[in-house]
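All chains should be built: construct the whole structure from the sequences, respecting the hints.
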Amino acid sequence: MVVARLEMRGISKEYFGNKVLKSVNLSVAPGEIHALVGENGAGKSTLMNILFGMPVIRNTGGFEGKVFIDGKAVDITSPEEAMAHGIGMVHQEFMLLPGFTVTENIKLNREITRPNLASRFFGEKLEILDFYRMREDAKKALRRMELDLDEMLPVAGLPVGFMQFVEIARELDKETLNLLILDEPTAVLTESDAETLLQVMKRLSSQGISILFITHRLNEVLQVADNITVLRDGEVVAELESRKATVDQLAELMVGRKIEVTSRSERHSTENVKPVLSIRDLHVDMPGESVHGVSLDVMKGEILGIGGLAGHGKIGIANGIMGLFPSRGSVYMDGKEVRLNSPISALNSGMAFVSEDRRGTGLLLEESIELNIAVQAMQSQDKFLKKIILLRIADMKAIREHAQKMIKELDIRCTGPDQLTRRLSGGNQQKVCIAKALTLEPSILFVSEPTRGIDVGAKKIVLDLLVRLNQELGVTIVMTSSELAELRSICDRIAIIYKGRLEGILPIDASDRDFGLLMAGELSYHRKEAS
Amino acid sequence: MNRENSHKPEWSERIREWARDFGVARSIILLFLAILLVAALIMGLPMSQLFSSILSRFGMNAILVLAMIPTIQSGTGPNFGLPLGIACGLVAAVLSIELDMRGFQALFFAVGLGALLGAVTGYLYGLLLNKVKGQEMTVGTYFGFSIVSLMCIFWFMAPFKSPEMIWPYGGNGLRVTISLQDRFDKVLNNFLEFEVFGASIPTGLLLFVAVFCLIVWIFMRSKTGVALSTVGANPRFAESCGLSVNKYRVIGSVFSQALAAVGIVIYAQTFGFIQLYMAPLYMAFFAVASVLIGGASLNRATVWHAMIGCFLFQSILVVSMPVANVLVAENLSEVARIIISNGIILYALTRREAGGDVR
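The listed protein sequences derive, respectively, from chains Z and E.
At position 83 of the first sequence the residue is numbered 83 (the numbering used here), and the sequence of numbers has no breaks.
At position 226 of the second sequence the residue is numbered 1226 (the numbering used here), and the sequence of numbers has no breaks.
Because the hints were derived from the structure by calculation, they are not lab data.
Hints should not be assumed to be uniformly reliable.
DSSO-like mimics (lysine-lysine), calculated; alpha carbons at most 27 angstroms apart, straight line [as the list claims (entries may be wrong)]:
1) Lys387/Z <-> Lys405/Z
2) Lys387/Z <-> Lys1223/E
3) Lys397/Z <-> Lys383/Z
4) Lys1133/E <-> Lys1247/E
5) Lys408/Z <-> Lys459/Z
6) Lys244/Z <-> Lys202/Z
7) Lys383/Z <-> Lys408/Z
8) Lys459/Z <-> Lys405/Z
9) Lys1223/E <-> Lys405/Z
10) Lys22/Z <-> Lys459/Z
11) Lys386/Z <-> Lys336/Z
12) Lys383/Z <-> Lys1247/E
13) Lys397/Z <-> Lys386/Z
14) Lys1247/E <-> Lys387/Z
15) Lys1223/E <-> Lys386/Z
16) Lys202/Z <-> Lys125/Z
17) Lys300/Z <-> Lys459/Z
18) Lys1223/E <-> Lys1131/E
19) Lys1247/E <-> Lys386/Z
20) Lys1223/E <-> Lys383/Z
21) Lys202/Z <-> Lys140/Z
22) Lys408/Z <-> Lys386/Z
23) Lys1133/E <-> Lys397/Z
What you are looking at is a predicted structure, and each value in this text was computed from that prediction instead of being measured.
Structure representation (structure tokens):
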């Protein structure tokens, strides 16, 4: 049997008591294309960070398990060491200098130089670049991918697809490279560019380079990969040969049903209920989460979930409606149109928002809990004010009383209403955000990523709280979350967003396969094929 | 971080927290002041005189320091563009003399007109600050310098006729220092003034300052004031509350420059002279240093910070002057003033937290 190029055995990793990888095994043979698939948060990035020796792993307490390269146990503690072992990584975000040429980018920090007079006295740093040889090397790397690209062009003007190839060429140029990691390489590419990339990958693997390929696009996986590992919740749930796998099967494995106790006793039926909020052709220009024409109805009294993978625009919807990012389209609340790009008209029409950016948008970290809870209602609805002669003064007593009520009702653990929100734990900060939104007495509450960055126990409390608000106060809730299991545990129906558009709406008891297919955009892919 | 289980923090922890809130800079200044006072006592300097001098200098500068609060709270940092408001106050003050007013009439005319002019120029200055977000302090400093120079031309060209103000030998322009002796010199200081242990208490001045503290305090608790503080604390949060960030930054600037105009009139009132031309050049720095000594940061300040800071800063100046004169040489107090004020500003700048707007 051939010795595996890479073998990871029993890898476990904890972040602050939160297990993100549980005894993961992974093995890649020489010249193999191995795909790693899984939802956001399944542990793919963590696994790659471990392999690449990223400092974040060491800083958070290291990991358990062993890594073997070509059969030898190695201890990779920095990206430099990983490179020395022949591992190259192409990140999701391009790491290129736009003003430099393709050649300069490929040879960055590994320039070929010639000594001159000055460098003899002052050291290597003053040597002259040997551009001729650098160009030759760059050409060679590009040729290995059989690409026709002028190596002297500046990177700035290149199409996105080519930037990706420059990144790969940079890795190829390292003589020792024998394992290439591609982190969602096709996410930003057009279909034809993605096609070319897949060709390139095949070509490289035929040259003996092993490729570890992380992606969400299941059809690509089946097209190029030899073997597939599916991660879910930090565990390997399946290792299969791609010849025997199907898209449906992968989708089901990826999403999986997680066992989680729900506190939801009864659910609303959405039939025969009129929509309280209608969204028509909404476009939102939110960096990294842009929305391109979503139309959606929210029914009175329901909990609507909005799901989808990161970067596909699910978060942009609530932010756009609340006027926090530039948007266009139309939004109707109880039949009346709500002005977009105006937070105040969104608030006045009875919407409230718990932001996913808790510490940035959601809270005044240097202010007290009571002020955080009161200030939005004070400014938009003139609550907590008393009139003294001509001035409207903040009614500190009413603010204090209200804060105490909220602290009690939502069980915010704090030293008192005057504690700074910076000093609270994530879960309690989230409760302050929810209290702030409730103070507005909204008829619709938008909640974005309510459990992001808070520990498991607090997660359940926050979710239970949302259900209670819905049932006891009749608040319609639109919850956006990256965690499908979470959406399924409390929502009535779930809308899946893919590439800024609504891919479909599913009832919570739809099969894992259907959710997986929607999230991976396979339906629209097949639709396109059919037409 | 995990303090949620201990509902009542331990006393030791409370004291430690209180000490941390009090700050290193303030502790050092306080220690310095204590040493100076002990030295003054040992040297047998007249303490009652020192004390009344402290009170009077405190009142004289207090409103200029108060002017820092609205801009700090609205997120534009300490108002380094203070000379703009000061220039407005000075224009109002010389106008009161030109119109031949005297006593309280002259003072209130100068205060009222100064505040009005300050508000108008503050509006324009606020628009400028909105164009240079993130650079307010640097832009403000150079804007202040420019205004002082620009006003030099004004003082020189303005067609004032009052013989008390133009050069004694005739010609164009106003004098560098204009005496207020027959105008509103110390009208507030002398109002209800009384003596305790030989120290005179400038009751009227302190009352006037107290009224302005109350005005600022109430304003910061009004709906507008809370909105202004919200904008300063977190612009993204403010936007999500439906507040216009730019609008409240302008309001902060308007209020600050109006206070600056009032402040310089009160300053001149206690000092007994109106100082024109280059005199306002560094006034902003002393006011900024005062509020920072008081415990304010570059983005959070209260009336308490302004008052405590103004008192500490002026006390040091008053006490260090005679002590230094006896111990070392003359003029050292001026050097001390510059070292302390610039040192404090430098200290505050190094402690600036990066990035207010987390987008």
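Now for the hints, and whether the structure bears them out:
| no. | hint | verdict |
| --- | --- | --- |
| 1 | Lys387/Z <-> Lys405/Z | holds, 23 angstroms |
| 2 | Lys387/Z <-> Lys1223/E | holds, 10 angstroms |
| 3 | Lys397/Z <-> Lys383/Z | holds, 12 angstroms |
| 4 | Lys1133/E <-> Lys1247/E | holds, 13 angstroms |
| 5 | Lys408/Z <-> Lys459/Z | holds, 18 angstroms |
| 6 | Lys244/Z <-> Lys202/Z | holds, 19 angstroms |
| 7 | Lys383/Z <-> Lys408/Z | holds, 20 angstroms |
| 8 | Lys459/Z <-> Lys405/Z | holds, 22 angstroms |
| 9 | Lys1223/E <-> Lys405/Z | holds, 22 angstroms |
| 10 | Lys22/Z <-> Lys459/Z | holds, 20 angstroms |
| 11 | Lys386/Z <-> Lys336/Z | violated, 31 angstroms |
| 12 | Lys383/Z <-> Lys1247/E | holds, 21 angstroms |
| 13 | Lys397/Z <-> Lys386/Z | holds, 10 angstroms |
| 14 | Lys1247/E <-> Lys387/Z | holds, 23 angstroms |
| 15 | Lys1223/E <-> Lys386/Z | holds, 10 angstroms |
| 16 | Lys202/Z <-> Lys125/Z | violated, 39 angstroms |
| 17 | Lys300/Z <-> Lys459/Z | holds, 25 angstroms |
| 18 | Lys1223/E <-> Lys1131/E | holds, 25 angstroms |
| 19 | Lys1247/E <-> Lys386/Z | holds, 23 angstroms |
| 20 | Lys1223/E <-> Lys383/Z | holds, 10 angstroms |
| 21 | Lys202/Z <-> Lys140/Z | holds, 18 angstroms |
| 22 | Lys408/Z <-> Lys386/Z | holds, 25 angstroms |
| 23 | Lys1133/E <-> Lys397/Z | violated, 35 angstroms |
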